[in-house]
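Peer 1: Listed in order, the protein sequences are those of chains A and B.
Numbering follows my numbering, in which position 86 of the first sequence is assigned residue number 86; successive positions increment by one, without gaps.
Numbering follows my numbering, in which position 90 of the second sequence is assigned residue number 90; successive positions increment by one, without gaps.
Please keep in mind that the hints were generated in silico from the structure rather than gathered at the bench.
Hints are supplied without guarantee of correctness; some may be wrong.
[Stated by the list, open to error] No more than 20 Å apart at the CA atoms, straight line, and that leaves these computed lysine to aspartate or glutamate pairs for EDC-like: (1) A/71 with A/17; (2) A/68 with B/38; (3) A/42 with B/38; (4) A/56 with B/98; (5) A/71 with A/55; (6) B/11 with B/38; (7) A/71 with A/49; (8) A/68 with A/31; (9) A/68 with A/49; (10) B/57 with B/98; (11) A/68 with A/84; (12) A/42 with B/3.
[As the list claims (entries may be wrong)] Looking from chain A toward chain B, a few residues come up when the C-beta cut is under 7 Å (computed): (13) 29; (14) 32; (15) 44; (16) 46; (17) 93; (18) 99; (19) 101; (20) 103; (21) 105.
For every residue, glycine included, the Cβ atom is placed at its ideal position computed from N, Cα and C.
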Amino acid sequence: GENVGLHLPTLSVQEGDNSIINCAYSNSASDYFIWYKQESGKGPQFIIDIRSNMDKRQGQRVTVLLNKTVKHLSLQIAATQPGDSAVYFCAENMGGSARQLTFGSGTQLTVLP
Amino acid sequence: DAEITQSPRHKITETGRQVTLACHQTWNHNNMFWYRQDLGHGLRLIHYSYGVQDTNKGEVSDGYSVSRSNTEDLPLTLESAASSQTSVYFCASSSNGETQYFGPGTRLLVL
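Bound-form chain A, shown alone (with noise of 0.2 Å):
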């Protein structure tokens, strides 16, 4: 299947600056995207999700943007804070009748103090 993958596998920012997560998709079918949060030893959680008639979205300190030009997705986070350390990983789904989800491998946020 096709690939859902990340451009850096750490990242490291200081509390209350802003993060950027990158997610780079393959599939130009894709037509709705989500972000999850994974904490140490525990499931993902769902953050914020974005359909493909869509360019921006956002949330309670996050934002997605998709570019959907170069099968771009990015996450950002306002003013990061010590519990937003984490794993965070995109997720598409290829529309149509799929009901699946690629997941990419997932960028590792530490935010120090």
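Go by the hints and put chain B onto chain A.
Peer 2: Quick look at chain B alone, frame taken from chain A:
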């Protein structure tokens, strides 16, 4: 509150034994999924179900089976546990086939 639970949370077993991991969701979701998560591989789909009596193989289904006798439960069975099946197992469910909600995971060690 509706939720998805997995049991046991930790399991140690021996090679060749049959092991069953439980997954229970109270959202009344039609779609349920089992994944394993290993370093360097991310989440890989084992089996999935789109409704009662429906089961399908995923990317890494060899050595695993599932059954769906009701909406709430999708137990995962390792027919004859192998050391290669040492992993963290996650169950997930979804209503619309898009956003999947995950359980807390089961850590399985096969000796």
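Peer 1: Run every hint past the structure and note whether it holds.
Peer 2: Hint-by-hint comparison with the structure:
no., hint, verdict
1, A/71 with A/17, "violated, 26 Å"
2, A/68 with B/38, "violated, 30 Å"
3, A/42 with B/38, "holds, 14 Å"
4, A/56 with B/98, "holds, 18 Å"
5, A/71 with A/55, "holds, 11 Å"
6, B/11 with B/38, "holds, 16 Å"
7, A/71 with A/49, "holds, 15 Å"
8, A/68 with A/31, "holds, 10 Å"
9, A/68 with A/49, "holds, 15 Å"
10, B/57 with B/98, "holds, 18 Å"
11, A/68 with A/84, "violated, 27 Å"
12, A/42 with B/3, "holds, 14 Å"
13, 29, "violated, 15 Å"
14, 32, "holds, 5 Å"
15, 44, "holds, 5 Å"
16, 46, "holds, 6 Å"
17, 93, "holds, 6 Å"
18, 99, "holds, 3 Å"
19, 101, "holds, 6 Å"
20, 103, "holds, 4 Å"
21, 105, "holds, 4 Å"
Violated hints, in rising order: 1, 2, 11 and 13; the structure is consistent with all others.
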